[in-house]
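Just so we're on the same page, my numbering is the position in the sequence shown counted from 1, plus 1.
Keep in mind that the hints were calculated from the coordinates and are not lab data.
Check each hint, because a few of them may be wrong.
[Unchecked claim] Straight-line C-alpha distance at most 20 Å; calculated DMTMM-like pairs for lysine to aspartate or glutamate:
1. K78 x D101
2. K59 x D33
3. K78 x D129
4. K226 x D114
5. K166 x E203
6. K226 x D129
7. K152 x E203
8. K112 x D81
9. K78 x D44
10. K78 x D105
11. K166 x D129
12. K112 x D101
13. K78 x D107
14. K78 x D33
15. K202 x D81
16. K205 x D33
17. K205 x E171
18. K226 x D76
19. K202 x E171
20. K59 x D105
21. K112 x D145
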Amino acid sequence: MKKIVLFAMGLVLGGTTLAQNEEKVETIISGDIVSSYIWRGQDLGSAAIQPTLGVGYKGLSLTAWGSYGLVNSDDVKELDLTLAYSFGGLNIGVTDYWFDAGLDPDNRYFKYDAHGTNHLFEANIGYDFGIASLQWFTNFAGNDGVNNDGKRAYSSYVEAAVPFKLSSIEWTATAGAVPFATTFYGTSGFAVTNLSLRATKEIKVTDTFSIPIFGQVTANPCSQKAYLVLGFTLQP
Numbered sequence: 002m003k004k005i006v007l008f009a010m011g012l013v014l015g016g017t018t019l020a021q022n023e024e025k026v027e028t029i030i031s032g033d034i035v036s037s038y039i040w041r042g043q044d045l046g047s048a049a050i051q052p053t054l055g056v057g058y059k060g061l062s063l064t065a066w067g068s069y070g071l072v073n074s075d076d077v078k079e080l081d082l083t084l085a086y087s088f089g090g091l092n093i094g095v096t097d098y099w100f101d102a103g104l105d106p107d108n109r110y111f112k113y114d115a116h117g118t119n120h121l122f123e124a125n126i127g128y129d130f131g132i133a134s135l136q137w138f139t140n141f142a143g144n145d146g147v148n149n150d151g152k153r154a155y156s157s158y159v160e161a162a163v164p165f166k167l168s169s170i171e172w173t174a175t176a177g178a179v180p181f182a183t184t185f186y187g188t189s190g191f192a193v194t195n196l197s198l199r200a201t202k203e204i205k206v207t208d209t210f211s212i213p214i215f216g217q218v219t220a221n222p223c224s225q226k227a228y229l230v231l232g233f234t235l236q237p
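Model the full assembly from the supplied sequences, consistent with the hints where possible.
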């Protein structure tokens, strides 16, 4: 219920800001098409469309993001809401993840029962140093995993990313790890779960329109799995 109130307040504030400072509000509309859905070293499904819709104002943003399978009807459906704030290099945020599978057999979106919901709530804090960025994420409520003692794990994930440019292509090298045992990430203790390298190149279609195309190779040393993903982004 608190999340519903927070979301409603965000919409009201966003609407008021839009009316008073329309020229200063940033609107985010985009969509990724990916060959498979790989997240933090985990395989969450095959080819998918992943739309984004959001608004931002003076470092404050409210964003909706989703993922829907294109070829396999059994792939997880996801809808995430993120309230975030950034100032300089610092960023903080709270995300409400919802999946169409979890503790609720009826997969109801508006069911927030602590022990029967498909929602997962995560907080994050990070800093962009320019040459590299560092992020920490922790689940604090909802359908989280458990630790080795069978208690709520407060599952956490830490990630470092280094962007660079090579041969006119934008690259990002990422290393991510889970610091504690949790069934959410499938770890029994500290484990490196995500080593990835991503390359992005904009393909010019017209003088005013281009399509970013990206390729990414990801390895999960913990699960002994590796993945290769190809995708592109559509945005106005």
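Hint by hint, here is what the structure shows:
no.	hint	verdict
1	K78 x D101	5 Å, holds
2	K59 x D33	25 Å, violated
3	K78 x D129	31 Å, violated
4	K226 x D114	34 Å, violated
5	K166 x E203	13 Å, holds
6	K226 x D129	29 Å, violated
7	K152 x E203	46 Å, violated
8	K112 x D81	15 Å, holds
9	K78 x D44	14 Å, holds
10	K78 x D105	14 Å, holds
11	K166 x D129	17 Å, holds
12	K112 x D101	12 Å, holds
13	K78 x D107	14 Å, holds
14	K78 x D33	15 Å, holds
15	K202 x D81	27 Å, violated
16	K205 x D33	17 Å, holds
17	K205 x E171	15 Å, holds
18	K226 x D76	19 Å, holds
19	K202 x E171	7 Å, holds
20	K59 x D105	37 Å, violated
21	K112 x D145	15 Å, holds
Against the hints set out earlier in the document, violations occur for numbers 2, 3, 4, 6, 7, 15 and 20.
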